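There are 2 protein chains.
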Amino acid sequence: MSILITGVAGFVGCNLASELIAKGHVVFGVDNLCRGRREHLASVIDHPRFAFVEVDMADLPAYRAAFQAFHAREPITEVWHMAANSDIPAGVHDANVDLRDTFMTTFNTLELMKAANVPVMAFASSSAIYGDLGCPLVEDIGPLLPISNYGAMKLASEAAISAACESHLERAFIFRFPNVIGVPATHGVMLDFVRKLAATPRRLDVLGNGTQQKGYLHVEELIDAMLFIRGNADEKVALFNIGAGDEGVTVRFIAEETVRECSPQAQIAYGEGNKGWVGDVPRFVYSIDKLRALGWKPTLGSAQAVQKAVRQIVAQEALK
Amino acid sequence: MSILITGVAGFVGCNLASELIAKGHVVFGVDNLCRGRREHLASVIDHPRFAFVEVDMADLPAYRAAFQAFHAREPITEVWHMAANSDIPAGVHDANVDLRDTFMTTFNTLELMKAANVPVMAFASSSAIYGDLGCPLVEDIGPLLPISNYGAMKLASEAAISAACESHLERAFIFRFPNVIGVPATHGVMLDFVRKLAATPRRLDVLGNGTQQKGYLHVEELIDAMLFIRGNADEKVALFNIGAGDEGVTVRFIAEETVRECSPQAQIAYGEGNKGWVGDVPRFVYSIDKLRALGWKPTLGSAQAVQKAVRQIVAQEALK
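These protein sequence lines are chains A and B, in that order.
First residue of the first sequence? That's -9 in the numbering used here, and the numbers climb one at a time after it.
First residue of the second sequence? That's -9 in the numbering used here, and the numbers climb one at a time after it.
Some clues are possibly wrong.
Note that identical chains are pooled: a pair holds if it fits in a single copy or bridges any two copies.
Capping the alpha-carbon separation at 25 Å, the derived lysine to any residue pairs in SDA-like fashion look like this [as the list claims (entries may be wrong)]:
hint, residue 1, residue 2
1, 310, 255
2, 226, 80
3, 287, 128
4, 280, 182
5, 310, 27
6, 280, 49
7, 186, 67
8, 287, 217
Source of the hints: derived by calculation from the structure; they are not laboratory data.
Only a predicted model underlies this, so the values are computations on that prediction, with no experimental measurement involved.
Make a model of the complete structure from these sequences and hints.
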């Protein structure tokens, strides 16, 4: 297959590119390199079955030119749309950030797929589309009332993809991501903690009281799950929560693991409240029963995924 | 209160304006007059508590100027956002139509409300956000997989409003409209039938086989329901289906009623299939149990609403 990955230089995109190339596919990638980084592509950039163009997908004429050039080289059979704003607080502060980088990237991709008759879209959605429902998050629950513009524009993207499946798309795969961890880490609580401890090895300040609890999935498992769904689901719009399937771990656990790994003498100082910032959902149970029923299950729980990622992030930062 | 109605010259907007003025409120209105019509405002345009500006809400600087001028005259306390593309097939053909007129009108309205600290949004959403679920449509069901860009951009709007309630809005009222009928009719199956019969009084061609069944609510009842929810719901994001609460009537019933009312000698010729066009949901049960529990119920069923609307539309067309 010939697959376009959007946001290919981001955390998930670059891992996905490596995996799809290893499986023998032709992989094209686009990224505006605002949050993604060229060095994330180091392991694939010279591969004969990989090509990359730096382009801002919000700039439709430029994006169209890149898309058409790839399509002329090898007709694109599917698009894995991973590009999005990954800075949730930035989108809460200014809704235009997620409008542009989380929603219009989807909208423009669908327009180009329609024009080029590319039949299959796989999309990185998010648990943030559910909002703060206060009950287990399963795929058939509603109403969907996201509390961040990031979640809102992921839901808007799902909706646009769903409508496209009624007109020009043959199939879509919508993956509702959990908190995904691993390397290359570009943001997130673990990287923050590692960097804070590098700056002040004897003290770690934590936003919130540390009781905030979330599930975490390692990026390697996320990719395995996405490919499993791609290969096994048979719905026209195949929509799945992906996650560790457990109750998750607290911020306190992550802080303690990070301290243990890279600065055992540090004191941890907690703030107040169990919300880190506006748009952050304090605690939820994220059901993966539908994905389990399809036949996939994670090999790591949230705690093990955190431990693995902390080690990897410490190693990543040590190399800088 | 001082209320801005967007899409004020449209079918619902102009009826809402009359009602809110009658209740003693100051009413400001905007409309780009693409689908709305100036003559729909005839009964309110000279009222001292009404003011209208023709502006395209997709043009943010122009919309901002109109919004700020109203706000300076009498601080806006809430916005009733009724503006949207109402031509669903046009949006299926070109996704940009609903992006611009159904979603960006919402996005821009939220931006202006944020800047001016207007705390309350009431929004005309749609049963189209549910897609073709094949089971009774209740507010807490999912996944939401709209099959038209209209439905997709209504869902995108709900999502953006929900996120805004976590940052700058105090409250939002999301009304999921059913098929709404009455006058002034600008589009829809009844107006189509009346006009077809005016052109060919002995024959009525019906798209589809006539078995397509939907619930219909009269616009007067819709407005009554919205004001009831506005006055009685206490959720921060109050989201309600509004409808007739019955199983609806078939296209065949509407065709027969229209023929009986305006051209009894006409033969009705049906097409094939039970979908009229891409994006049209063939049949669904639209639950209003949540609204009933709040204390509102319709006085007309779908059949009576259709009969009333057909009579009104025949009278409307006769005046032209």
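Consistency of the hints with the structure:
{"no.": "1", "hint": "310 x 255", "verdict": "within (23 Å within a copy, 85 Å between copies)"}
{"no.": "2", "hint": "226 x 80", "verdict": "between (34 Å within a copy, 24 Å between copies)"}
{"no.": "3", "hint": "287 x 128", "verdict": "within (16 Å within a copy, 31 Å between copies)"}
{"no.": "4", "hint": "280 x 182", "verdict": "neither (33 Å within a copy, 44 Å between copies)"}
{"no.": "5", "hint": "310 x 27", "verdict": "within (14 Å within a copy, 64 Å between copies)"}
{"no.": "6", "hint": "280 x 49", "verdict": "neither (37 Å within a copy, 44 Å between copies)"}
{"no.": "7", "hint": "186 x 67", "verdict": "neither (44 Å within a copy, 44 Å between copies)"}
{"no.": "8", "hint": "287 x 217", "verdict": "within (13 Å within a copy, 48 Å between copies)"}
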